Amino acid sequence: MAVPKKLPNGAGLLIAFVSLVAFDRGFSLLDNAYLNQVLILAGINIVLAVSLNLINGFTGQFSIGHAGFMAIGAYVSAAASVYLSVPFFSFVENSLGWPIAAGQLLFFPFLLALGGLAAALAGFLVGFPVLRLRGDYLAIATLGFGEIIRVLILNVEAVGGARGLSVASPDPRYDIRYEGLFAVFGIVVLTVWALARLSYSIRGRAYLAVRDDEVAAESIGVSAARIKSEAFVISSFFAGLAGVLFAQSQGYVHTNSFTFLRSIEAIAFVVLGGMGSITGCILAAVALTVAPEVLRPVAEYRMVAYAFILIAMMLLRPGGLLGMKEFSWGWFFRRKEKPS
Amino acid sequence: MEVFLQQLINGVAWGSIYALIALGYTMVYGVLKLINFAHGEVYMVGAMTGYYVARWLGVDANPSAGGLLIVLLAAMMVCAALGMLIERIAYRPLRRAPRLAPLITAIGVSLLLQNLGQIVFGADPKVAPGLLSSRVLVQAGSIAVTSLQVVIFAVSLSLCAGLTFAVHRTRMGKAMRAVSFDREAAALMGIPIDRVIAYTFALGSALAAAAGILVGLSNPKIDPLMGVMPGLKAFVAAVLGGIGSIPGAMLGGVLMGIAETMVSGYLSSTYRDAIAFVILIGVLVLRPEGLLGKPEREKV
Chain B
1 MAVPKKLPNG
11 AGLLIAFVSL
21 VAFDRGFSLL
31 DNAYLNQVLI
41 LAGINIVLAV
51 SLNLINGFTG
61 QFSIGHAGFM
71 AIGAYVSAAA
81 SVYLSVPFFS
91 FVENSLGWPI
101 AAGQLLFFPF
111 LLALGGLAAA
121 LAGFLVGFPV
131 LRLRGDYLAI
141 ATLGFGEIIR
151 VLILNVEAVG
161 GARGLSVASP
171 DPRYDIRYEG
181 LFAVFGIVVL
191 TVWALARLSY
201 SIRGRAYLAV
211 RDDEVAAESI
221 GVSAARIKSE
231 AFVISSFFAG
241 LAGVLFAQSQ
251 GYVHTNSFTF
261 LRSIEAIAFV
271 VLGGMGSITG
281 CILAAVALTV
291 APEVLRPVAE
301 YRMVAYAFIL
311 IAMMLLRPGG
321 LLGMKEFSWG
331 WFFRRKEKPS
Chain L
341 MEVFLQQLIN
351 GVAWGSIYAL
361 IALGYTMVYG
371 VLKLINFAHG
381 EVYMVGAMTG
391 YYVARWLGVD
401 ANPSAGGLLI
411 VLLAAMMVCA
421 ALGMLIERIA
431 YRPLRRAPRL
441 APLITAIGVS
451 LLLQNLGQIV
461 FGADPKVAPG
471 LLSSRVLVQA
481 GSIAVTSLQV
491 VIFAVSLSLC
501 AGLTFAVHRT
511 RMGKAMRAVS
521 FDREAAALMG
531 IPIDRVIAYT
541 FALGSALAAA
551 AGILVGLSNP
561 KIDPLMGVMP
571 GLKAFVAAVL
581 GGIGSIPGAM
591 LGGVLMGIAE
601 TMVSGYLSST
611 YRDAIAFVIL
621 IGVLVLRPEG
631 LLGKPEREKV
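Each protein sequence line maps, in turn, to chains B and L.
Take the first sequence: its letters are residues 1 to 340, numbered as in this note's numbering.
Take the second sequence: its letters are residues 341 to 640, numbered as in this note's numbering.
If you are wondering where the hints come from, they were derived from the structure by calculation, not from laboratory data.
As the structure is a computational prediction, the values presented were derived from the model and not from experiment.
The beta carbon of each residue, even a glycine, is placed where N, CA and C say it ideally should be.
Please note: incorrect hints may appear among the correct ones.
What the hints assert, rightly or not - To spell it out: a stretch of chain L is covered by chain B in this simulated footprint if at least three of its residues, at any positions, have a beta carbon under 8 Å from a beta carbon of chain B; those stretches are:
#, segment
1, 451 to 457
2, 567 to 579
3, 624 to 630
Work out the full structure: start from the sequences and follow the hints.
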């Protein structure tokens, strides 16, 4: 069983946290809306990539319907802003007697929980029939569910149907969007931390075991069905969070943002980064978010160039950027181990 | 009842187009175990080639069966070459790579063709040349069968027959079946794997091109993104029939076409795109190997 040597540690996390706070300060000082938007998008893509990596990288299942769960998170949170913000804030103000600032502070976790749990529930319901399938069939089934979720949302009038839905409260006093870098990167850190802890725990070993050999894993007492379902639910939860962040930062949700292409994008992050490397996924997510922006000077050829980069990177490094390696301080401080 | 029959006729004509695309998916999956996501774009290029060849030859000015045949053959040849090129550049170097790597290049090629298409052909929809004039051939009550539907069905059927012949009665077809049965063993028997795979791509892409021309007859709006949805649905059709099975792809395609026209006829056309995937989930849960596929046992 292939296990990466170095595990992400607390120090790395701390550095990441501090640097993101610095980022937040630095860029709000710069007051560059464009850069801000690109960074937010990169953050959302990181959450999406790392969550998909749990299924595709660590558990060895192949899901190509991840956009569906993101859509659920985005739509549930957008609908919550529209329909639940007034009851929520009046509860905080009137029943609890807290100031409105407290409500504004609490509403974000509320949205996240709602969006994440709704996506997780969908993941559970979808995973139940689908995870009996293997390999390509599983992939196709997840694709199917992703599309079905999208078409169903498109036909629900309460969330705007084909018009899409604006993330706005009917009462302007409660109208708040959590679109700052700090909000986004807070969730990025949370996601990466939670999934890294999970993946490299004893429980995470069971995921790897299922990936490497399902039959062998079963024979030593790992319930493959349960592990797969668990991975699916957890991954959907975080995809839901990515959806919440997306809705919050865009201020408007439409099913066109969650097509098959979005799922494909998420897969590209994971495969390019290296299946089963959280660090790789993060790098690939950032690189592929920034690439179209960097390519803006070539205007109409931008997407062509993007496609070329995708193909070329895959041809040059079929195992992904990092393979299964993770970031470790040893990269900088330690010399290469001598072969024994 | 009359509505039902009319929808059935429309569905069969529409489904035979899906069947042609689905054949390409199923054949490539058979030999490479790869979902060729770029296949929908090959179909788009087929339709576009048809558009330009027809205009160049002036076939659209005076429609005739001979003109249609020339345009069809030209598009099939161009796409066969394109299919082989895609295989050579994007899939062959990754033959020994992890299985997901070629999937990503497939997606890359698909994106590339879509966006290149938008630059080369222009992003705005074009009106496909009227290669044949539509006439009502049979009219019974309110049910009508048009000449276009007959042509679409007849061309699809003869292409399927031709393919069946090519796969079961020719030397290359035998090699294809050998490769799809066991690639390693076929290589050991001296079968030139690379050539067989290239041939498979050429055949599948030519069929997709034919589908592109035929779709232009009945639904004359063509644009560089036209391949995305039909591509996905044809793939679902291939799974429905049993992926890797050639008769399965034909059956799956026709069933898919019928299901779609029925849903848009009786329910609402907004659910049209979902029905394909609902069928898909149903098939995968109840009979994952598809209608005509053979179940695979897992060996320890």
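Each hint, compared with the structure:
no.	hint	result
1	451 to 457	holds (count 5)
2	567 to 579	holds (count 5)
3	624 to 630	holds (count 3)
Hint compliance for this structure: no hint is broken.
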